[in-house]
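Peer 1: Single-letter residue listing:
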Amino acid sequence: MNKTVLDLWVGLFVIAGVVALLFLALKVGSMSTVSSANSYEVVARFDNIGGLKPRAPVKSAGVVVGRVSDIRFDNETYEAAVTLRLDNRYAFPKDTSAAIMTSGLLGEQYIGLEAGGDSLLLKNQDRIFLTQSAVVLESLIGQFIYGKAQEGASE
Amino acid sequence: MPMICDWENSVLKRSIEKLGNRTIQAVWRIGFAARFFVAVLLHSGTAFRRFGLTIREMYFTGVLSLIIILVSGLFVGMVLGLQGYETLQTYGSEEALGILVALSLVRELGPVVAALLFASRAGSAITAEIGLMKATEQLSAMEMMAVDPIARVVAPRFWAGVFSMPLLAALFSAMGIFGGYLVGVQLIGVDEGAFWSQMKNAVDFEEDILNGVIKSVVFGIAITTIALFEGYDAPPTAEGVSRATTRTVVTSSLVVLALDFVLTAFMFRGIS
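Chains as they are written, first to last, in our numbering: chain P, 8 to 162; chain U, -14 to 257.
A hint or two may mislead.
Claimed, not checked - Here are the simulated lysine-lysine pairs, BS3-like style, with alpha carbons at most 25 Å apart:
| id | chain 1 | residue 1 | chain 2 | residue 2 |
| --- | --- | --- | --- | --- |
| 1 | P | 60 | U | 185 |
| 2 | P | 130 | P | 60 |
| 3 | P | 34 | P | 66 |
| 4 | P | 34 | U | 185 |
| 5 | P | 101 | P | 130 |
| 6 | P | 66 | P | 130 |
| 7 | P | 66 | P | 101 |
| 8 | U | 185 | P | 66 |
As the list claims (entries may be wrong) - Distance windows between CB atoms, simulated:
| id | chain 1 | residue 1 | chain 2 | residue 2 | range |
| --- | --- | --- | --- | --- | --- |
| 9 | P | 139 | U | 52 | 55 to 61 Å |
| 10 | P | 81 | U | 174 | 47 to 53 Å |
| 11 | P | 57 | U | 202 | 36 to 42 Å |
Since the hints were derived computationally from the structure, they do not count as laboratory data. In this text, a Cβ means the ideal position worked out from N, Cα and C, and glycines have one as well.
With the sequences and hints as input, model every part of the structure.
Peer 2: See the structure below:
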């Protein structure tokens, strides 16, 4: 069997296709799932998670440090147990607080971590005790109207 | 007594007979196509042992489709950039243009449009070639020489199509994103950093890119199977071959669109 010009063209074609796939994988897409080898999980409980979804980003100071890996409903405390998978590179103190925030007015929801001052660090399967639920727009409007009504009554 | 209705020669009877005949023929063909597909898979040994045969076919199906795939990809991406900008601008979120272009290309347009182009560019050629080989009795000549035409002629073309399709779809998507970048960033002036970084944040490797690749592999299997079968089953006349070629393009385009719906329903049901 001899090498032919045809082989060269097919080789170029395959290389171009693989380069295109690599371009899509590296430049266009990103691996959102942090591999379990270099990450740790912590659990945070919220009264209300609003529209939080699995795989939503976990940010601290605006930087993505992990992802939401699981959301479950705890039938004993009637709370949402949210499992956060954080990158091993980032360590947080034990008294870190978690809040559910929204990027922009109508953007996606994410979990914001605010580091505390404890000298002990969060470990795998630890729990974040200080949490702040999602802001529900309807109840906010409700409070505002209620406040207005009270204002009017006191005058 | 005169007959009111001559049942034996009535139009109604003849049309019902024709309908039944057509139905039976269609079912027969589907069964034969399924057996043909299995036979191609079983006789694929030669296509891999003598990989030169497959390489040769990859040149005809893959390399020669490159021009049409790359140029259409570029233009589809450029149109997406223009149209997407027009729409996003009204919501003041021009930066999301990268997401729009990349997601629509990687998830849908890349695999589907590349498959449609592939069906009309390479599928029709495969059908015409095999059909003509059959009409000129080259296939029977091979059988006479104890060469299995399925193994020697059909299987290499099948695998060449299956290998080429995902590469072509990836090239189409990459080219489209480049086209969107050209129009969005270079021509209109969307912020370059936001274009790429928002795209990177929104496009997931497994859920978007890998699913797109799976789609294109499935389309490749479907198109080449249809094209090869239509050629293999074509009546050995000039008219028969021309009809088979038309049928290849029509059937495989419809099958691609139908399969796309089914695959999308499976893949993106649980997301967000």
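Peer 1: Given the hint that residue 130 (chain P) pairs with residue 60 (chain P), does the C-alpha gap stay at or below 25 Å?
Peer 2: holds (23 Å)
Peer 1: Would the pair residue 185 (chain U) and residue 66 (chain P) pass a check requiring their Cα atoms to be no farther apart than 25 Å?
Peer 2: holds (17 Å)
Peer 1: Residue 66 (chain P) and residue 130 (chain P) were given as a pair; does the straight-line alpha-carbon distance stay at or below 25 Å?
Peer 2: holds (18 Å)
Peer 1: Are the Cα atoms of residue 66 (chain P) and residue 101 (chain P) separated by 25 Å or less?
Peer 2: It holds: about 17 Å lies between the C-alpha atoms, which stays within 25 Å.
Peer 1: Taking 36 to 42 Å as the stated bounds, is the beta-carbon spacing between residue 57 (chain P) and residue 202 (chain U) within them?
Peer 2: About 39 Å separates the Cβ atoms of residue 57 (chain P) and residue 202 (chain U), which means 36 to 42 Å holds.
Peer 1: Using the C-beta atoms of residue 139 (chain P) and residue 52 (chain U), is the stated range 55 to 61 Å upheld?
Peer 2: This hint holds: roughly 57 Å between Cβ atoms.
Peer 1: The hint says 47 to 53 Å between residue 81 (chain P) and residue 174 (chain U); measuring C-beta to C-beta, is that right?
Peer 2: holds (50 Å)
Peer 1: Take a quick look at whether residue 101 (chain P) and residue 130 (chain P) sit within 25 Å of each other, Cα to Cα.
Peer 2: Holds: residue 101 (chain P) and residue 130 (chain P) sit about 8 Å apart, inside 25 Å.
Peer 1: For the pair supplied as a hint, residue 60 (chain P) and residue 185 (chain U), confirm whether the alpha-carbon distance does not exceed 25 Å.
Peer 2: holds (19 Å)
Peer 1: Is residue 34 (chain P) within 25 Å of residue 66 (chain P), Cα to Cα?
Peer 2: holds (22 Å)
Peer 1: Given the hinted pair residue 34 (chain P) and residue 185 (chain U), is their Cα-Cα distance within 25 Å?
Peer 2: Holds, at roughly 7 Å.
Comparing the model with each numbered hint stated earlier shows that all of them hold.
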